[in-house]
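Visitor: Spelled out from the first residue to the last, the chains are:
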Amino acid sequence: MSVDMRTFLAHVELANPITTAAGCASSGRELAQFFDLHRLGALTTRSITMAPRAGRPTPRMAETPSGMLNAVGLQGPGIDAFLERELPWLAQRGIKTIVSIGGGTVAEYSELARRLADAPGVTALEVNLSCPNMEDRGRVFAREGSAAAEVIASVRSIMRYDVPVVAKLAPDVADIVAVARACVDAGADALSMINNPLGMAIDTEALRPSLAAVTGGLSGPAILPLAVRCVWQVHAALPGVPIIGIGGVMTGRDAFQLVLAGACVVGVGTALFHDPYACLRIERELEDLLRARGFQRLADAVGLAHRPPGSAPRHLLVDTEESTP
Amino acid sequence: MQVTGTVLTTRRVDAYHALTVVAPGIAERYRPGHFVSVAVGGPHTSMVTRRALSIHDVKSDYGGTVELVFTTRGPGTAWLAERRARDTLDLVGPLGRPFPLPRDPAHCVLVGSEYGSAVLFPLADALLARGCRVDFVLGGAGAERVFGAMRARRMATTTTLTTEDGSLGLRGKVTDALPSVIADTRADAVYACAPMETLRAVTAVAMEFDIPVQVAVEESMACGIGVCMTCVLPVIGDDGATRMVRACAEGPVFRGERVRFEDVGTIPFDALGAPGGGVRHVG
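One line per chain: the protein sequences are A and B, in this order.
Residue 1 is where the first sequence starts when you use our numbering, and the numbers rise one by one after that.
Residue 1 is where the second sequence starts when you use our numbering, and the numbers rise one by one after that.
To be clear, the hints were calculated from the coordinates, so they are not data collected in a lab.
Just so you know, these numbers come straight off a predicted model, no measurement behind them.
It is possible that some hints are incorrect.
[Unchecked claim] To give an idea of the chain B side of the interface with chain A (calculated C-beta under 8 angstroms), a few residues:
#1 Arg-50
#2 Thr-71
#3 Phe-209
#4 Gly-226
#5 Ala-274
[Said to hold, decoys possible] A few chain B residues that don't get close to chain A, going by computed Cβ distances all over 12 angstroms:
#6 Asp-87
#7 Gly-142
#8 Asp-165
#9 Val-227
Ideal Cβ placement from N, Cα and C applies to all residues, glycine included.
Could you put together the complete structure from these sequences and hints?
Guide: The following block contains the structure:
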């Protein structure tokens, strides 16, 4: 018996819950050498910026215990090249695409939304409110509910109503629920979390920071518990809001944790660096875990860990009722 | 492509480690200059990034084998050094762009420093098969760090060795010996694989002689397939513009004169998308 893995990101149906995390699959072509991108629930692009960006100097990466630090600095060709070459390539193939955008001002996010509003092939828009790599450290939108809300409200007003706007949140904030609530109140159709928390490593040979940018985003299995906690708290506070759970997912079991915490879509990031086939493997493993526990539909498992202590899982209750004559 | 390879043999080559791995799909697609990435630490590893390794040799036995050469630099390569025959390895490859080969027979000087020399041997095979003349200049800090001197002597018309401590061949660096080798062999082209600083000096020598130089860079990488964007360096494109390009996907082989060696580790102010170059305050 196969499990129904379909899921909804707001009103958009995805064939399965696995997507790539922004910035971990470029715009898809590299992974397409390994497998058919249609097998993903959706492809999430790297964060697209208005102007081309050269990013940060090297070294940009340092391996850390069960994770890695990166400070890439949103390197990319800018929106013009994205609309000319990358998005059409995805759209022509009919690959469900979540376009991530990153900007420095509300006006810049709005302009990006305007450029993407009429472009064919945008399944959903993910607003990167929290990239810790950006040059201007003074303005990380995700740190403050009001700043995040201003961006979301503007982008939401520009994008077509049938393209969900997803707010991507950072974990290193005092109260992630407050930021999440501010984004939802401003019109976000869904939330994704978590972006990389900031970390740092020091090279004990060179006696200097390992990264040229000094600090970088921490990713990999080290941050999975942080992601589970954030998804849990936000789902508890806003149970009706779809969540893309992201952070250190290496296996189907990791993805399952995020689903049980409340995520209906799961992003795979650093695992792709380790294994280009990670998304397919994780999707298969997640399906196996669901089947082994008697689930017929992924949707029945979303947020299930929130049920009161002592109560049986919903999907098993349904089974019993159905088998009763 | 991804292959679960089985280790066939392990050996020490001077100061370096070499693993021969049965990896059929990779061996048959391989061209000189390609590399592979390998997952380290086993199935439940805490090491999330792959290690990019040079291919020293490719054979058709057992359906196809590749010999990988590396030095131990940290826990990942130390784990690799502990692999024994019949252990399995998760390989992805062949990756990167290979060395372009001359259309007609040419005189080629192959310059390698430390274990960077490893990639030059399959290249030398390919060049010899095309009727090229091959001369090697190999170097290292000391005698045990010069990789492949014996094999080079068997293959090449001449082999010049250099060590910084003078324990083997000429005292000095490969670039000290290179000008006279280029002059003596009337070289038409130079190929090099070495640390960045050496590649910079090799390129300068080749440019002095006004002959083309192809360099294979050794940048640290997390993924090897072009998605992590960590292995970038400034390279001048056909249009004259400098871009931060990925060593794994656009490289690792570049025309030497196109690499802005003096700016590696920085974002040159005139690179496409450099801060201050376009819209200033993204982020």
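Visitor: All the hints need checking, so say for each whether the structure fits it.
Guide: Each hint tested on the structure:
no. : hint    : verdict
1   : Arg-50  : 6 angstroms, holds
2   : Thr-71  : 15 angstroms, violated
3   : Phe-209 : 30 angstroms, violated
4   : Gly-226 : 4 angstroms, holds
5   : Ala-274 : 5 angstroms, holds
6   : Asp-87  : 18 angstroms, holds
7   : Gly-142 : 20 angstroms, holds
8   : Asp-165 : 21 angstroms, holds
9   : Val-227 : 5 angstroms, violated
Checked against the numbered hints above, the structure violates hints 2, 3 and 9; every other hint is satisfied.
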